[in-house]
Amino acid sequence: MNNAAVVTGEFNRVVRFAWQELKPRGKWLTPFNVISIPIILIGLVILYFRFVYGIGFVTNLNQYYPLGIWIGFDVVTGVALAGGAYVITFVVYVMRMDKYHSIVRVTVLNGLLAYVFYAGALTLDLGRPWHIVNPIIGNSFGYNSVLFLVSWHFLLYMLTMALEFSPVVAEWAQLEKARKFLAGLTLGAVIFGITLSILHQSGLGALFLMAKPKIHPLWYSEFIPIMFFVSSVYAGLSMIIFEGTISHKVFKDLLGGQDHHRYEEIVLGLGKGAAITMFVYYFFQALIFVHEQRWQLITDAWGYWYLFEIIGLVLVPCFMFAYAVRNRNLGIIKVASVLALLGIILNRLNVTVIAYRWYDIDKYYPSWQEIVVTLMVVSIEIWVFRWIVTRMPVLSKE
Amino acid sequence: MDRRQFFITSATVAAGVIPNNNLKADNARKESKEFVGVLVDTTRCIGCRSCEVACSAAWGNFVPDIETDNALEKIRDTSDKQYTVVNRFNTEKGEVFVKRQCMHCWQAACVAMCLVNAMFKTKEGPVTWNGDKCLGCRFCMVACPFDIPKAEYLSWNPRIMKCHMCYERLQEGKRPACVEACPTDTLMFGQKRELMEIARHRVYSHPDKYVHQIYGEHEVGGTGWLYLSAVPFEQIGFRVDLGTTPYPEYTKNFLVSVPLVLFGVPAFLLGLSELTDRKKEVRESEGWTNE
Chain A
1 MNNAAVVTGE FNRVVRFAWQ ELKPRGKWLT PFNVISIPII LIGLVILYFR FVYGIGFVTN
61 LNQYYPLGIW IGFDVVTGVA LAGGAYVITF VVYVMRMDKY HSIVRVTVLN GLLAYVFYAG
121 ALTLDLGRPW HIVNPIIGNS FGYNSVLFLV SWHFLLYMLT MALEFSPVVA EWAQLEKARK
181 FLAGLTLGAV IFGITLSILH QSGLGALFLM AKPKIHPLWY SEFIPIMFFV SSVYAGLSMI
241 IFEGTISHKV FKDLLGGQDH HRYEEIVLGL GKGAAITMFV YYFFQALIFV HEQRWQLITD
301 AWGYWYLFEI IGLVLVPCFM FAYAVRNRNL GIIKVASVLA LLGIILNRLN VTVIAYRWYD
361 IDKYYPSWQE IVVTLMVVSI EIWVFRWIVT RMPVLSKE
Chain B
1001 MDRRQFFITS ATVAAGVIPN NNLKADNARK ESKEFVGVLV DTTRCIGCRS CEVACSAAWG
1061 NFVPDIETDN ALEKIRDTSD KQYTVVNRFN TEKGEVFVKR QCMHCWQAAC VAMCLVNAMF
1121 KTKEGPVTWN GDKCLGCRFC MVACPFDIPK AEYLSWNPRI MKCHMCYERL QEGKRPACVE
1181 ACPTDTLMFG QKRELMEIAR HRVYSHPDKY VHQIYGEHEV GGTGWLYLSA VPFEQIGFRV
1241 DLGTTPYPEY TKNFLVSVPL VLFGVPAFLL GLSELTDRKK EVRESEGWTN E
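Chains as they are written, first to last, in the numbering used here: chain A, 1 to 398; chain B, 1001 to 1291.
Think of the hints as simulated: they come from the structure by calculation, not from any bench.
Model, not experiment: these values are computed from the prediction.
A virtual CB, placed ideally from N, CA and C, is assigned to each residue, including glycine.
Treat the hints loosely; a few may be bogus.
Each computed BS3-like pair below joins lysine-lysine, with the alpha-carbon atoms no more than 27 Å apart [stated by the list, open to error]:
| # | chain 1 | residue 1 | chain 2 | residue 2 |
| --- | --- | --- | --- | --- |
| 1 | B | Lys1033 | A | Lys212 |
| 2 | B | Lys1121 | A | Lys212 |
| 3 | B | Lys1123 | B | Lys1252 |
| 4 | B | Lys1121 | A | Lys363 |
Sample of chain A residues at the chain B side, in silico, Cβ under 7 Å [claimed, not checked]:
| # | residue |
| --- | --- |
| 5 | Ala286 |
| 6 | Thr299 |
| 7 | Ala301 |
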């Protein structure tokens, strides 16, 4: 009886506490809010039309371009950029490099939100989103489908990351027993999460293996899955550097007594990791280039576009990372991370949209509604991120 | 076990196994059903478009006004309103009319891509679509080498529209609506093996009339619909660069490696984490300070 009373009391406390925390804090007329609120409102109106009149009403999709930027950018690119979570949990929990421990929480949170919102954006693109449970429960399992595997892994990985992040939530809600229990599950969750990540990062590439006659031969090879996986490693690392730079400006006061020197060491370490993985990626691309005898393909505009991606946005940032790490130059590392991210975005868009049906005269380009909805998804994600970061012990441990 | 014993044992085992095997093979032969398909002899088609009308009428789709719409003036594709269209091509041997619809691949890319079996290869051969399962992800459209599945983009509840070889009519023992409607015997419905024999017979007995290729015999691993032509197939709107590999083969290597990763990687990571942990223990027990 007494126990029950304690539990109810505790429950009431948590609910009251959460309600308190829901209220906004600080000024709300910040430049970001002024830009993002109209975007979100317009986006919601667009989504109303999308769900009432159909996807074709607001997008430029047609019978030959079934996938637009809602898939090519939001999902395929967003998931690659969220790769940092599995890389960092590997480094900290499996390799036990404590140096990076201070960025685990924010990276996992970023990963979790990226999956919830960008993979969640998938539901906007589905023609019949109310059937989304079909691959998970029921009797319609397409076991031989790569998409089936990817959808399961999205779901499981989201749960895994939620589990990895849950100790922070427990700490915030002051549930000490729950925190200890959840923290005990972390290593298992991390190992499961890394495995799932390897499979669905590459699985996203494998989705396009059957589009062989439609993707320009410079972007199609049987190794797309491996390339997607390797590039997700440095995409994740670059994203951590990029986000860290912004967080350090915006949430300066939250970082508290964090040593700047230690942060510098972390960024240099991440830059080193990015340089090495990018070189591996570049080397692999070069091998495929030679193996498939692509010389005759690089003489036209598509060839230059390909070289721009591979040299300008892979090899150049790779050397910039290496140079910057050697000379301990954080500025160059930040520029390199932006270039590397652009390279990833370009690569994913090339496979899914730009070099897809390259032979067409009427190419697909996104409508303004598609762009607004994409910006809306990003804005809402940043809102939620900001809400969590200003309330839970994410950036600094208490 | 000596040699004598070994022979006796193996003979006994073999005697037990062999008839059993035969029995199984017999069962399999009885159960196996041949896929059906349609042979399209483009040399016979007069472009009357009766098949378009019959198809749309049978399935409640848009029925074209074939008398007045002059649709043959331009090359059309199947759409979310029509499962099949007839096109006119000007070739080295004059005008050729070609019907276009789902090819009903032996091993269909759309079926392999579909994560909920909404695209389904029936045991009779037609590839059908089930709206109660479909998520509307449209990856079947990405996968299909012939660009056949079409989505209803302007609907809140979009269907994937494609020819299903009149699967319901086949169940009732009838032929597909287009085959019924064809006045010139351009379309012939039957089992693929029989259709191949007929097609080869026509090519062999009129070697000047036909090109010596039956489109669909090997393309993308073989299709249910077969085409005969008087001119090379690239002149009448067919892609000839699709290869003969069944499309699901392209993802096979990836899918095979999945269980390896799923079990191998956790084992490796657990071991690795255990090793990194031991190092720390050793360091601590030997009194080394960290850093």
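Now for the hints, and whether the structure bears them out:
1. B:Lys1033 with A:Lys212: Not satisfied, since the Cα-Cα distance of roughly 31 Å exceeds 27 Å.
2. B:Lys1121 with A:Lys212: Roughly 21 Å between the alpha carbons, so the hint for B:Lys1121 and A:Lys212 holds.
3. B:Lys1123 with B:Lys1252: Holds, because 22 Å separates the two Cα atoms, which is no more than 27 Å.
4. B:Lys1121 with A:Lys363: Violated: B:Lys1121 and A:Lys363 sit about 32 Å apart, past 27 Å.
5. Ala286: Because about 22 Å separates A:Ala286 from the closest Cβ in chain B, which is outside the 7 Å limit, the hint is violated.
6. Thr299: With a minimum Cβ separation of about 20 Å from chain B (threshold 7 Å), the hint on A:Thr299 is violated.
7. Ala301: Given a least distance of 21 Å, the restraint on A:Ala301 is violated.
In this structure, the earlier hints numbered 1, 4, 5, 6 and 7 are contradicted, and the remaining ones agree with it.
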